[in-house]
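*Asks:* The primary structure of each chain is shown beneath.
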Amino acid sequence: QKEVEQNSGPLSVPEGAIASLNCTYSDRGSQSFFWYRQYSGKSPELIMSIYSNGDKEDGRFTAQLNKASQYVSLLIRDSQPSDSATYLCAVTRSGYSTLTFGKGTMLLVSP
Amino acid sequence: GAVVSQHPSWVICKSGTSVKIECRSLDFQATTMFWYRQFPKQSLMLMATSNEGSKATYEQGVEKDKFLINHASLTLSTLTVTSAHPEDSSFYICSARVYWANQETQYFGPGTRLLVL
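Residue numbers (the numbering used here), protein chains in the order written: chain L, 1 to 111; chain W, 1 to 117.
List of simulated lysine-lysine pairs, DSSO-like, C-alpha gap at most 27 Å:
(1) W:Lys66 <-> W:Lys14
(2) W:Lys55 <-> W:Lys66
(3) L:Lys67 <-> L:Lys56
(4) W:Lys41 <-> W:Lys20
(5) W:Lys41 <-> W:Lys64
(6) L:Lys103 <-> L:Lys42
(7) W:Lys20 <-> W:Lys66
(8) L:Lys56 <-> L:Lys42
(9) L:Lys42 <-> W:Lys20
(10) L:Lys67 <-> L:Lys103
(11) L:Lys67 <-> L:Lys2
(12) L:Lys2 <-> L:Lys103
(13) W:Lys64 <-> W:Lys14
(14) L:Lys42 <-> W:Lys41
(15) L:Lys103 <-> W:Lys64
(16) W:Lys66 <-> L:Lys42
(17) L:Lys42 <-> W:Lys14
(18) L:Lys2 <-> L:Lys42
(19) W:Lys20 <-> W:Lys55
(20) W:Lys55 <-> L:Lys2
(21) L:Lys2 <-> W:Lys64
(22) L:Lys103 <-> L:Lys56
(23) L:Lys2 <-> L:Lys56
(24) W:Lys41 <-> W:Lys66
(25) W:Lys64 <-> W:Lys20
(26) L:Lys42 <-> W:Lys64
(27) W:Lys41 <-> L:Lys2
(28) L:Lys103 <-> W:Lys41
(29) W:Lys41 <-> W:Lys14
Everything labelled a hint here was simulated from the structure, so no lab data went into it.
My request is simple: use the sequences and hints to build the entire structure.
*Replies:* Take a look at the structure:
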């Protein structure tokens, strides 16, 4: 069974700090990795996608992928209260399979 | 990023009626779309995979005769909840798969909140 594990949180960080969100997955055949942000009552919004080992940066967000360790993380620099949301890690094997989601980590950024 | 729209955003209906929800890819073509359901404070649950021009693939436990999916064009998939009952009240979200440079991404629509009285 393909699984994606995330710490449910909440992860509490002060404004301006770095928030570190982690995710592990069980399917070694996974090829595409995503971080989605979901505000309460809203649909998921794509934050980052990463497909190869290493780091990928986009503004305040950095995704890190280590396929050997089956680990993907998301760093949020200079965290803002508006970053408070649930962050969903999702992986997929190929173009013919569905996304497997983790249960999400709730992030709380306090002013 | 790619834009996916849903209509309506909110629907309230009486028990026993049918409700149709539309999911559109606005600036790209999507051969594959997905339908999810989310109950309050719970995880996204995949209901079905919608493929343009072919029958949808339903996840285990999802009644295909109750949740009718039609993907008639490369930009539109519809979900019809037939004979809706209060237990069908939920947040229904579609997503569309996009391929760029041989890499895939999924974008979600804003969701449709269904309340069955």
